[in-house]
Amino acid sequence: MMLFQFFLILLMLIGAIAVYVFKSLINAVVAMALVSLIASILFYFLQAPDVAMAEASVGAALTTAIFVIAIRKTRKREDKE
Amino acid sequence: MRRIIGIILLIIIAFGVILMLEKIPFGTPKTRVGKYYIGNGIRETGAPNIVTSVVINYRGFDTLGEVTVLFIAALGVGAAFATVEKKVDKKMIEPASLILSTGCRFLFPFILLLGTYIFVHGHLTPGGGFQGGAIIASAFLLIYLGCRGRRVNERKAKTAESLGGLIFVITGLLGLIFGGYFLLNFLPKGTIRTLFSAGIIPIINVAIGFKVGSELATIIDNMLEESE
Chain R
1 MMLFQFFLIL
11 LMLIGAIAVY
21 VFKSLINAVV
31 AMALVSLIAS
41 ILFYFLQAPD
51 VAMAEASVGA
61 ALTTAIFVIA
71 IRKTRKREDK
81 E
Chain G
82 MRRIIGIILL
92 IIIAFGVILM
102 LEKIPFGTPK
112 TRVGKYYIGN
122 GIRETGAPNI
132 VTSVVINYRG
142 FDTLGEVTVL
152 FIAALGVGAA
162 FATVEKKVDK
172 KMIEPASLIL
182 STGCRFLFPF
192 ILLLGTYIFV
202 HGHLTPGGGF
212 QGGAIIASAF
222 LLIYLGCRGR
232 RVNERKAKTA
242 ESLGGLIFVI
252 TGLLGLIFGG
262 YFLLNFLPKG
272 TIRTLFSAGI
282 IPIINVAIGF
292 KVGSELATII
302 DNMLEESE
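In order, the protein sequence lines correspond to chains R and G.
Residue 81, in our numbering, is where the first sequence stops; the numbers in between run on with no holes.
Residue 309, in our numbering, is where the second sequence stops; the numbers in between run on with no holes.
Treat the hints loosely; a few may be bogus.
Unchecked claim - Going by beta-carbon spacing under 7 Å, a handful of chain G positions derived as facing chain R:
hint : residue
1    : PHE142
2    : GLY146
3    : ALA161
4    : LEU222
5    : LEU297
Hints listed in this document are in silico derivations from the structure and should not be mistaken for laboratory results.
These numbers were taken from a predicted model, which means no experiment stands behind them.
Positions of the beta carbon are idealized from the N, C-alpha and C atoms, including for glycine.
In isolation and in its complexed conformation, chain R is listed as follows (with noise of 0.2 Å):
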């Protein structure tokens, strides 16, 4: 199980990062996403089920939702310096 949770880690990590790289402002939002479903799991994991099911539903669903709706409201990949 502790090894889980390193892998876990080590993916959030990843993909935090990812977010910082990624040019194209839809996969940034979704590797957000993908560290705050991760985040998550670790929150079950350390016996938090109630933040857990927040993070779920409002982390990983809904701000996904919202930044999806407003890039495509807007441009879809990041300027140059």
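Let chain R serve as the given structure and place chain G on it in line with the hints.
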């Protein structure tokens, strides 16, 4: 050049955070109030779920503040999108495939039921008003994505939201009348671990569930309405 400066700053900040966290042992209770809640929470509030009893009963006023913040956010989104003429974008109403739209319509009542279950049983099982409301809002999001053209009834959503807020505040004020302070648990505690127990906690949970669900659904609804 900017990247290098950014990375150096990040390393400095990370070093500071690590130094700070090193002092705190992981998982040990730092305050006495947490121990008090775990020891006396069930007896004093009648709710087996300690988190809900803290959120609704011991710190109910803070929850009212949180709900108000969410209300202001929904109001802000509504105000930002209210100036444009409301109409549904034509290119958004591509009919979804039969499987998708049927599946969404089939799943919608079950997700609503799950959200309702979570906030009604907030004092017994994990979850509460916020979680249940967010799940209900995600059901509406599913309908928006799967069955294009279906909209939430804005007037009914606003009514549900206002009713939720009113019930919360009125229950708090009743506590002020009966006992002397806002959000006092004036109802009988009942038998622990049954649905109708824990005094005002289920009532406030249902109120928060309705309020949060309709607010988040309204935010999504406002954002999906295409501007000209």
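query = Would the hint on G/LEU297 stand, with a C-beta cut-off of 7 Å toward chain R?
reply = holds (6 Å)
ask   = If you take the shortest Cβ to Cβ gap from G/PHE142 to chain R, is it below 7 Å?
value = violated (19 Å)
query = How about G/LEU222: closest beta carbon in chain R under 7 Å, or not?
reply = Hint on G/LEU222: holds, closest Cβ of chain R at ~5 Å, below 7 Å.
request  = Would you check whether G/ALA161 satisfies its interface hint, that is, whether its CB is within less than 7 Å of any CB in chain R?
outcome  = Hint violated; G/ALA161 Cβ to chain R Cβ min 11 Å, cut 7 Å.
Supplied contact hint for G/GLY146, tested at 7 Å Cβ to chain R = At 17 Å from the nearest chain R Cβ, G/GLY146 fails the 7 Å test, so the hint is violated.
Hint compliance for this structure: hints 1, 2 and 3 are broken, all remaining hints hold.
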